[in-house]
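Take the sequence shown: its letters are residues 1 to 151, numbered as in the numbering used here.
One thing to keep in mind: the hints can contain errors.
In the SDA-like style, the derived pairs of lysine to any residue whose C-alpha atoms are separated by at most 20 Å in a straight line are [said to hold, decoys possible]:
| # | residue 1 | residue 2 |
| --- | --- | --- |
| 1 | 103 | 70 |
| 2 | 105 | 89 |
| 3 | 103 | 63 |
| 4 | 103 | 85 |
| 5 | 103 | 119 |
| 6 | 103 | 53 |
| 7 | 42 | 58 |
| 8 | 42 | 53 |
| 9 | 32 | 16 |
| 10 | 105 | 87 |
| 11 | 103 | 113 |
| 12 | 105 | 85 |
| 13 | 105 | 69 |
| 14 | 103 | 82 |
| 15 | 103 | 86 |
Derived by calculation from the structure, the hints in this document are not laboratory data.
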Amino acid sequence: MFSFRDQHHMVMSPTPGQAAFGRDMLFDIPAKVSSRLQQEPKDTQAHRTNCQEDDERIFHEYGPDDLVLVAMSDRRTPNTQPLFDGPFRIVSVRSNGIVVIDKDKYYETVHGSRVEPFCATNVGKVLGHDAKPEISMEDELSEDPAKQKLL
Numbered sequence: 001m002f003s004f005r006d007q008h009h010m011v012m013s014p015t016p017g018q019a020a021f022g023r024d025m026l027f028d029i030p031a032k033v034s035s036r037l038q039q040e041p042k043d044t045q046a047h048r049t050n051c052q053e054d055d056e057r058i059f060h061e062y063g064p065d066d067l068v069l070v071a072m073s074d075r076r077t078p079n080t081q082p083l084f085d086g087p088f089r090i091v092s093v094r095s096n097g098i099v100v101i102d103k104d105k106y107y108e109t110v111h112g113s114r115v116e117p118f119c120a121t122n123v124g125k126v127l128g129h130d131a132k133p134e135i136s137m138e139d140e141l142s143e144d145p146a147k148q149k150l151l
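Based on the provided sequences and hints, a complete structural model is requested.
Written out as structure tokens, the structure reads:
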């Protein structure tokens, strides 16, 4: 027996035989297939998917002199390798989502999707400044009587 795929497409709705030949494969009747009517469900599905992905994405407004981490571009790196490189200072931010970062000897343009904000406990050490913490570890331990045993 001959077998063929005669299931309709979820987005486009005609069967493959109707889309390719303009006729129904089971019954010998002409089928009217409009590419415009096929494109509209595709567009609405793509728009719905984009909106869903945008809702899950965390947007961040970058500015000059912000510190960022850049994702490594090679996805075949071993698990022991770091996922991000940096931190790097942002030189400028363009309107199309491109970020220009300073890599000491040269500037590199990176897309905003490869960049994540850098959060450090002591940013002064990263920047090379002598930043002193507001409270020392000994002061923090001396405030709590339960932690005084550690001193």
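How the hints compare with the structure:
no., hint, in the structure
1, 103 with 70, "holds (11 Å)"
2, 105 with 89, "holds (13 Å)"
3, 103 with 63, "holds (16 Å)"
4, 103 with 85, "holds (11 Å)"
5, 103 with 119, "holds (18 Å)"
6, 103 with 53, "violated (31 Å)"
7, 42 with 58, "violated (26 Å)"
8, 42 with 53, "holds (17 Å)"
9, 32 with 16, "holds (13 Å)"
10, 105 with 87, "holds (15 Å)"
11, 103 with 113, "holds (18 Å)"
12, 105 with 85, "holds (15 Å)"
13, 105 with 69, "holds (17 Å)"
14, 103 with 82, "holds (18 Å)"
15, 103 with 86, "holds (9 Å)"
Going down the numbered hints, you'll see the structure goes against 6 and 7, while the others check out.
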